[in-house]
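J.: Residue numbers (our numbering), protein chains in the order written: chain A, 8 to 705; chain B, 27 to 201.
It is possible that part of the hints are untrue.
Which stretches of chain A does chain B cover? Using the computed rule of at least three CB atoms under 8 angstroms from a CB of chain B, they are [what the hints assert, rightly or not]:
id : region
1  : 34-40
2  : 54-60
3  : 230-240
4  : 259-273
5  : 392-401
6  : 477-484
A short, non-exhaustive set of chain A residues, derived as facing chain B with CB atoms under 7 angstroms [unchecked claim]:
id : residue
7  : Val29
8  : Glu71
9  : Ser98
10 : Glu114
11 : Leu116
12 : Asn188
13 : Ile468
14 : Gly469
15 : Thr598
16 : His638
17 : His642
18 : Ala643
19 : Val645
Think of the hints as simulated: they come from the structure by calculation, not from any bench. Computed from a predicted structure; not experimentally measured. A virtual CB, placed ideally from N, CA and C, is assigned to each residue, including glycine.
Okay, here's what each chain looks like letter by letter:
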Amino acid sequence: MSAVGSLAIGTPTDRVEGREKVTGAARYAFEQLPGDHAYAWLVQSEIASGEILSLDASPALAQEGVVAVAWAGNAPRVAEVDDRELSVLQSRTISYRGQIVAVVVAESLETAREAAAHVRIDYEVRDHEVVLDEHDPAIYDPGTVNAGYPSESVQGDVARALARADAAVDVTYRTPAFHNNAMEPHATVALWDGDDLTLYDSNQGASTVRDTLAQVFELEPEQVRVISPHVGGGFGSKGTPRPHVVVAALAARMTGRPVKLAITRQQMFAFTGYRTPTIQRLRLGASGDGQLTAIVHEALQQSSRLREFTEQTAVATRMMYAAPNRRTAHRLARLDVPTPSWMRAPGEAPGMYALESALDELAVELAIDPVELRIRNEPPLDPERGIPFSSRGLVACLRLGAERFGWAERDPTPGVRREGDWLVGTGVAASTYPAYRSPATATARAEGDGSFVVRIAASDIGTGGRTTLTLIAADALDQPAARVTVEIGDSALPRAGLAGGSMGTASWGTAVTLACRALVERIEALGGHVPADGLEAHADSSDEVRATDQGYSRHAYGAQFAEVRVDAVTGEARVSRLLGIFAAGRIINPTTARSQFLGGMTMGLSMALLEESVMDREFGDYLNHDLAGYHVASHADVGELEADWIEELDDHLNPMGSKGIGEIGIVGTAAAIGNAVFHATGRRVRELPLRLDRLLAT
Amino acid sequence: MPTNDITLTVNGERHDLSLDTRTSLLDALRERLDLTGAKKGCDHGQCGACTVLLDGRRVNSCLVLAVAHDGAEITTIEGLAEPDGELHPLQTAFVEHDAFQCGYCTPGQICSAVGMLAEAAAGWPSVVTEDLVADATDPAALSDGEIRERMSGNLCRCGAYAHIVPAIADVAGRR
Ligand code: FES
Ligand code: FES
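Could you build the full structure based on these sequences and the hints that come with them?
T.: Right, here's the structure in full:
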């Protein structure tokens, strides 16, 4: 397929739902009042490992207005699916502290919440292990990691290359657990009509939730409808249904009432997923002129007893830089902890933090400029797969970023720039994220009045997807965007995949383009005439996606430049300037794209300086489980921030020529900031976040 | 369960309500009056998503017990635009600057900015105000640093800060 004409694509366009969002008219999942509804409140386990011996619901049921209490002892049975987290209220076994053990349904939110505190549970308590430790004897090789990659890769002889290297680094970087903390807590309103289930739900893909819930309740997918027009962020944590969705449906079934269930901010730290902590050892070897001869990247991470979930932490290292000898490996520890899940750039974000920090250390060893070191190791082909890149803009991003940032004037000497109490430094790191695509279906309809409607079960979690698809459809129809309406966020629409893996737009856009082109053909076949009752065309992109040429390595790239100030007295680190330049194919809507890049970079800044989920060894709980204890960047933390991109034409991607941009912004940010902190202070902190105690202690 | 009868005037409309005394103003708005513009992000005063104007001042409505404010006048995001639908200047500026992504923090950001600009106009200093006399009386004189400090009770996980600050600065009349 050739690229579509370019009228709407590339035009800065305000969000089509912007007015709804600034007036409060946009309704999110919980914001339904079906009438006759009841409210659910979840009860969580207070131990990290063991069994429920008994549960006494009577003190809760005695409260005026309580409708029901459900737990493993009385909840209806549901079918087991791959994700064992969804077998909720089915077993008395406790796998982690904070696991859902019961639900209280009541006439009001206040009553449900209070009654939940009156449910009495006796446990048989087992010892627990909740802290990731590289000496844990039960650490194992999971064989494959997420997205289906093998956990290990080896090329050449790394031991020999490291022994012979002119310069080498052998360093271990640590990242803590991070929680997604979308602003809208997960919520579901469940309604049964006979055996048909309707869910108003906050998620990243209505078709996925529908299919999964249909399996859990042993229904046909058509019996389940998931409605999600607006979603208050997800960042991976709403990619697949979390256990509360099943609980909402169970509670509605048990009580015969519509049930509203919103989880609390605190509960989001237990059962909605998080980014695993990592311990990563990096060994790099190079010749004196800065040619990498060896790269070794070994990553250790954790998962729960319920589910093996292994991020592809070291996978980007297989492709980033040329080096004849390389080894990557992933290891996993299964602990009595909540199950980790996807969080923005799962794998790449922590993995590239470690790689790009280690590379900065090597640049210091070699006394070579870190921008130059990266350019010298630019691979002509994907080093592991031996195939060409569909396009690779890393060097262009580094060069343009260096120029805009004023990198040329940089004195590499660390710890020598001081303004009052502030030590000032600058740092650079590369960003990358793969360009994937998945099959989707869509319909395009021409109305008799000259307007067009495109329907697809895509989702807009804040990405601007609704607006982007409008531009794509407009160009494919060769119509002004104002004539096109795009309907998304409902599983009753043509099936589509997730807003995840930075592949939403590429996947949905392919199906939308196919549907629009088919419609144009139908209209042309009628001599350009649209009948009064309209005309419709349907498309399924499965064949096109299956036919994707596997002979290309497809990734987006970027370069991030940070200026930091570290208070020499208190150790406080602040980012005064952050610039990101990206190469991500064709940018479909510059307005929303800039927001996505900036949003990713802001989350990266937050990861570098502020965020960490602290595990309580004694009780097995993430201690700082709210927004007062878990700091996400606020207005005052974010200084001058700029994102831009280079023009990149790539015919090997999809009809739009676009790569995903939802995740790349967070990749590399923390390394650029950490490298700048080293330049400012001369101190290399190898653990996130860059807390003041660490900056003073090193 | 103990209830109290109160009256709230919300966006100019009077509501007589019989409320469970445990009900927060946020839940009264959302679950009783179906005014769902104010959002619940934490229910603990830690995110600002629930910000509304209570008797003219910005508050985290999740921390306010509704029955403690019998007779109060409340403005929510739904009450900021003109009756003819013309947006409040801050609403327009947020759209024009793409100062949001998911939109979940947005009603709180906008209500908070309305309250914040009124505080600045009334001469309230912030912790970063250097000259209490010269700098704190004119919203148009608010630096980016002042806006960031004064808006820091409103978290945005989508990271729209870089666009929210200039949107507010525009309306403050700085540019
Ligand atoms: S919901 Fe009120 S401050 Fe977060
Ligand atoms: S726009 Fe999503 S949290 Fe602010």
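J.: Please go over all the hints and tell whether each is borne out by the structure.
T.: Hint-by-hint comparison with the structure:
| no. | hint | result |
| --- | --- | --- |
| 1 | 34-40 | holds (count 5) |
| 2 | 54-60 | violated (count 0) |
| 3 | 230-240 | holds (count 4) |
| 4 | 259-273 | holds (count 3) |
| 5 | 392-401 | violated (count 0) |
| 6 | 477-484 | violated (count 0) |
| 7 | Val29 | holds (4 angstroms) |
| 8 | Glu71 | holds (6 angstroms) |
| 9 | Ser98 | violated (30 angstroms) |
| 10 | Glu114 | violated (9 angstroms) |
| 11 | Leu116 | holds (6 angstroms) |
| 12 | Asn188 | holds (6 angstroms) |
| 13 | Ile468 | holds (6 angstroms) |
| 14 | Gly469 | holds (3 angstroms) |
| 15 | Thr598 | holds (5 angstroms) |
| 16 | His638 | violated (10 angstroms) |
| 17 | His642 | holds (4 angstroms) |
| 18 | Ala643 | holds (4 angstroms) |
| 19 | Val645 | holds (4 angstroms) |
Hints 2, 5, 6, 9, 10, 16, counting from the list given before, are not met by this structure.
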